[in-house]
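Participant: Okay, here's what each chain looks like letter by letter:
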Amino acid sequence: MSQTLEKYFVPAPSYYPLIGALALLLMGSGASMWVNHIEAGPWLVASGFAVLIYMLFGWFGTVARESEGGKYGKQVDKSFRWSMGWFIFSEVMFFAAFFGTLFYVRHIAVPDLGSDIGHYFWPAFQAAWPSAGPLGHLELTMTPTAGKIALGLALMVAAGAAVTYAHKPLEHGNRSQLQLVLVFTVVLVGLFLGAMTINWLPAINTALLLASAATLTWAHWSIRNGNRGQFNLFLAVTIILGVVFLGCQATEYTHAYHEGLKLSTGIYGSTFFMMTGFHGLHVTIGAIMLTVMLFRSLAGHFSADRHFAFEAAAWYWHFVDYVWLLLFLVVYVL
Amino acid sequence: MSAVSPDVVGGHDHSHDHDHHGAPTGLKRWLTATNHKDIGTLYLFFSFIMFLTGGTLALTIRAELFQPGLQIVRPEFFNQLTTMHGLIMVFGAIMPAFVGFANWMIPLMIGAPDMAFARMNNWSFWLLPPAALLLVGSFFVPGGANAAGWTMYAPLSLQMGMGMDMSIFAVHIMGASSIMGAINIVVTILNMRAPGMTLMKMPMFAWTWLITAYLLIAVMPVLAGAVTMLLTDRHFGTTFFNAAGGGDPVLYQHVFWFFGHPEVYIMILPAFGIVSQIVPAFARKPLFGYASMVYATASIAILSFVVWAHHMFTTGMPAVTQITFMYMTMLIAVPTGVKVFNWIATMWRGSMTFETPMLFAVGFIFVFTMGGFTGLMLAIAPADIQYQDTYFVVAHFHYVLVAGSLFALFAGTYFWIPKWTGHMYDEKLGKRHFWMSMISFNVTFFPMHFLGLAGMPRRVPDYNPFFTDFNQIATVGAFGFGLSQVFFLYIVLKCIKGGPKAADKPWDGAEGLEWTLPSPPPFHTFEVPPQFEAPAGHGH
Numbered sequence: 001m002s003q004t005l006e007k008y009f010v011p012a013p014s015y016y017p018l019i020g021a022l023a024l025l026l027m028g029s030g031a032s033m034w035v036n037h038i039e040a041g042p043w044l045v046a047s048g049f050a051v052l053i054y055m056l057f058g059w060f061g062t063v064a065r066e067s068e069g070g071k072y073g074k075q076v077d078k079s080f081r082w083s084m085g086w087f088i089f090s091e092v093m094f095f096a097a098f099f100g101t102l103f104y105v106r107h108i109a110v111p112d113l114g115s116d117i118g119h120y121f122w123p124a125f126q127a128a129w130p131s132a133g134p135l136g137h138l139e140l141t142m143t144p145t146a147g148k149i150a151l152g153l154a155l156m157v158a159a160g161a162a163v164t165y166a167h168k169p170l171e172h173g174n175r176s177q178l179q180l181v182l183v184f185t186v187v188l189v190g191l192f193l194g195a196m197t198i199n200w201l202p203a204i205n206t207a208l209l210l211a212s213a214a215t216l217t218w219a220h221w222s223i224r225n226g227n228r229g230q231f232n233l234f235l236a237v238t239i240i241l242g243v244v245f246l247g248c249q250a251t252e253y254t255h256a257y258h259e260g261l262k263l264s265t266g267i268y269g270s271t272f273f274m275m276t277g278f279h280g281l282h283v284t285i286g287a288i289m290l291t292v293m294l295f296r297s298l299a300g301h302f303s304a305d306r307h308f309a310f311e312a313a314a315w316y317w318h319f320v321d322y323v324w325l326l327l328f329l330v331v332y333v334l
Numbered sequence: 335m336s337a338v339s340p341d342v343v344g345g346h347d348h349s350h351d352h353d354h355h356g357a358p359t360g361l362k363r364w365l366t367a368t369n370h371k372d373i374g375t376l377y378l379f380f381s382f383i384m385f386l387t388g389g390t391l392a393l394t395i396r397a398e399l400f401q402p403g404l405q406i407v408r409p410e411f412f413n414q415l416t417t418m419h420g421l422i423m424v425f426g427a428i429m430p431a432f433v434g435f436a437n438w439m440i441p442l443m444i445g446a447p448d449m450a451f452a453r454m455n456n457w458s459f460w461l462l463p464p465a466a467l468l469l470v471g472s473f474f475v476p477g478g479a480n481a482a483g484w485t486m487y488a489p490l491s492l493q494m495g496m497g498m499d500m501s502i503f504a505v506h507i508m509g510a511s512s513i514m515g516a517i518n519i520v521v522t523i524l525n526m527r528a529p530g531m532t533l534m535k536m537p538m539f540a541w542t543w544l545i546t547a548y549l550l551i552a553v554m555p556v557l558a559g560a561v562t563m564l565l566t567d568r569h570f571g572t573t574f575f576n577a578a579g580g581g582d583p584v585l586y587q588h589v590f591w592f593f594g595h596p597e598v599y600i601m602i603l604p605a606f607g608i609v610s611q612i613v614p615a616f617a618r619k620p621l622f623g624y625a626s627m628v629y630a631t632a633s634i635a636i637l638s639f640v641v642w643a644h645h646m647f648t649t650g651m652p653a654v655t656q657i658t659f660m661y662m663t664m665l666i667a668v669p670t671g672v673k674v675f676n677w678i679a680t681m682w683r684g685s686m687t688f689e690t691p692m693l694f695a696v697g698f699i700f701v702f703t704m705g706g707f708t709g710l711m712l713a714i715a716p717a718d719i720q721y722q723d724t725y726f727v728v729a730h731f732h733y734v735l736v737a738g739s740l741f742a743l744f745a746g747t748y749f750w751i752p753k754w755t756g757h758m759y760d761e762k763l764g765k766r767h768f769w770m771s772m773i774s775f776n777v778t779f780f781p782m783h784f785l786g787l788a789g790m791p792r793r794v795p796d797y798n799p800f801f802t803d804f805n806q807i808a809t810v811g812a813f814g815f816g817l818s819q820v821f822f823l824y825i826v827l828k829c830i831k832g833g834p835k836a837a838d839k840p841w842d843g844a845e846g847l848e849w850t851l852p853s854p855p856p857f858h859t860f861e862v863p864p865q866f867e868a869p870a871g872h873g874h
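Each protein sequence line maps, in turn, to chains U and X. Per our numbering, the very first residue in the first sequence carries number 1; after that it's consecutive. Per our numbering, the very first residue in the second sequence carries number 335; after that it's consecutive.
Derived by calculation from the structure, the hints in this document are not laboratory data.
Straight line, CA to CA, 27 Å or less: simulated DSSO-like cross-link-like pairs of lysine-lysine:
#1 X:Lys-839 to X:Lys-828
#2 X:Lys-828 to X:Lys-762
#3 X:Lys-619 to X:Lys-535
#4 X:Lys-835 to X:Lys-765
#5 U:Lys-168 to U:Lys-78
#6 X:Lys-619 to X:Lys-839
#7 X:Lys-762 to X:Lys-831
#8 X:Lys-362 to X:Lys-831
#9 X:Lys-535 to U:Lys-7
#10 U:Lys-71 to X:Lys-362
#11 U:Lys-7 to U:Lys-78
#12 U:Lys-74 to U:Lys-7
#13 U:Lys-74 to X:Lys-535
#14 X:Lys-362 to U:Lys-7
#15 U:Lys-78 to X:Lys-535
The model shown is predicted, which means the values in this text are computed figures rather than measured ones.
Make a model of the complete structure from these sequences and hints.
Facilitator: Set out below in structure tokens:
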């Protein structure tokens with residue numbers, strides 16, 4: 001045990017938890033009413049959301065002030081690191097439920113419906129993926145050819161591995177090696193986009209997120225070396241890449257709905273929109289986190305050796321990236 | 335016997351208290367609490383209120399079942415009663431009660447000044463009353479409360495009214511509360527132990543909670559995913575659980591039980607921890623096989639992820655899947671057996687006394703083991719096809735959840751209430767509470783084994799007159815059990831109000847940092863971490 005005998009910071013009594021509980025009560029009861037078409041529902045949800053925003057601003061504002069005020073020692077810093085890691089683990093498990101669902105419907109539920117027993121009820125049903133089920137209707141335009149896909153996937157994995165590896169020179173303070181790896185990542189991303197059809201939206205989205213991982217890593221390097229200008233610049237670029245991703249996603253959804261692929265289009269529509277939708281929600285949250293970090297930096301927060309809030313947001317962003325790579329593989333390609 | 339350097343024993347030294355805050359007074363103290371002891375108290379009282387609420391539902395069920403035919407409630411309402419009894423007891427009573435124990439005891443046991451995130455700790459607690467409001471309030475909306483069983487199986491759960499949606503959102507909120515609470519506990523244990531307290535010197539209660547918290551973080555999000563899919567199937571046109579759209583109702587069961595089985599261990603591992611603290615104290619011997627206890631707990635946690643389909647043996651899974659899950663399930667008997675034998679070995683040739691905590695702990699070992707044996711019977715796939723959805727299952731899980739979790743909670747309460755209140759409880763009344771609970775519990779649930787084996791299905795308000803006798807015995811027992819718990823409330827309130835002054839260490843065989851503190855401990859404890867040294871002769 002290498003623990004110092006410094007005093008652990010225990011915060012003063014606070015109303016924010018109670019306000020947060022009120023917010024969720026309003027949102028939970030409001031949402032129950034809303035989905036049952038009771039008029040007060042949307043209003044309750046909106047007011048709950050407003051209370052939640054107020055709570056988040058107040059609470060995180062307090063935490064930021066306490067942090068900048070030097071109240072958090074090394075041990076508190078370590079607590080934050082542990083907790084962010086476990087929080088991301090809980091998010092991983094949330095997505096795991098949906099990945100498991102996709103696996104189950106593709107490899108068990110839909111094939112079963114096309115088996116002898118299924119034919120008893122729906123003789124005309126052919127089990128194939130994508131499927132909207134026996135009573136659904138689905139036509140999909142094809143993705144790029146298999147050869148291109150294989151090459152593209154190899155490049156995607158390489159780019160993901162490269163930007164992950166970049167954290168080694170980042171930790172070791174090796175500037176030239178970090179630059180080399182990040183440039184290499186961006187080149188791989190370009191090649192990936194070339195290998196896939198260049199105007200295929202999901203591929204563009206993959207490229208956007210991989211590139212944002214590289215820019216974010218450079219932003220991290222900048223703050224570690226006290227270069228605030230460059231930090232702000234690359235953080236802003238990362239946020240923009242994330243927002244463009246969300247724009248592409250919105251475009252894709254619009255196309256899908258025009259061509260008849262909806263949330264209610266059987267099990268394919270269900271899994272497609274729920275998985276990409278929840279991912280998009282997490283990109284939104286990640287982008288908001290990074291934006292808050294940008295504003296904090298503009299307000300003079302963070303120093304070369306104290307910037308865990310930013311690192312936590314960066315961990316979250318990388319997590320969202322990895323989820324996307326897996327989504328791209330199992331939702332769009334396979 | 336744990337050595338603590340005298341100058342830093344919490345509370346004795348107030349010279350370094352300059353920038354800390356005392357408790358605000360009145361209601362504000364509880365609404366804005368950032369103190370682990372206050373939040374622990376809130377959790378414990380909340381869980382007891384929910385326990386009485388869920389108990390009232392149970393007694394209504396038993397009253398209806400006193401005779402065949404319909405006497406008191408309509409069948410639809412009966413289904414709401416069984417469903418809400420389950421949801422309220424699992425999420426409102428048992429889980430928050432253990433979190434209350436974690437809040438009170440873990441910082442005291444590991445020598446931490448508080449929980450790692452004191453404000454978030456309070457949010458975890460205050461999320462529970464809104465969730466409880468949604469659950470209980472759902473009885474009063476059109477269509478009534480959730481009546482699909484606490485497991486909320488599709489397609490039944492796709493067909494109900496607004497009460498179902500309220501259950502879904504309540505589960506979301508309780509899930510958020512549990513995840514935050516669990517992260518808090520994991521971080522507190524990993525990061526805030528006193529110098530000298532290595533992981534393998536930690537009290538078993540802290541170990542079991544560390545593993546429980548890990549399980550919570552792993553599976554509560556999966557439950558959130560399951561009920562979210564219910565919600566979108568109900569209102570937004572998805573077809574996850576609808577075969578016509580290519581989905582499958584059985585998928586819900588898979589996702590639910592991937593959460594549900596670890597959940598079972600979430601409700602029992604902290605109970606193991608409490609019993610592992612109490613048995614050595616009253617046998618006046620160190621815990622036998624501490625390390626094997628830790629590894630057994632971890633093994634149970636890992637195995638809990640690969641046994642979920644034993645809840646689904648009658649869904650038409652392929653035989654190979656059934657056999658796999660059957661063997662994995664039976665494997666869990668090994669680490670559980672390690673624990674039971676370790677407790678018995680701890681008592682072996684100890685100088686034992688039987689104060690109320692020990693009575694409940696020994697009662698726990700005895701009755702929980704019976705629940706474990708019926709669990710083994712249920713694990714056998716071909717036999718389970720007979721037992722599925724009968725009262726045998728009801729008997730089994732009440733043996734592990736009531737005589738298991740709840741008895742351990744009682745044991746823990748009697749063990750630590752002198753520390754919490756500074757008063758000794760009334761030993762005579764405590765013992766009376768134990769015998770009342772133990773006898774009425776068995777009168778209630780033992781006949782259910784026979785009912786189940788004879789084929790009485792669960793979740794029905796009416797039954798063949800053939801089953802009447804055992805049902806009447808069970809109902810009499812249930813009301814006795816309910817009465818015993820009101821008696822428990824009286825004992826606790828009496829102890830809070832007054833009683834003989836409790837010593838710092840009221841149990842001469844007890845070990846651990848919490849007993850180095852005064853009873854009751856001061857508002858802030860261990861602001862400077864104590865130096866922990868494992869007691870000499872400690873068996874590990």
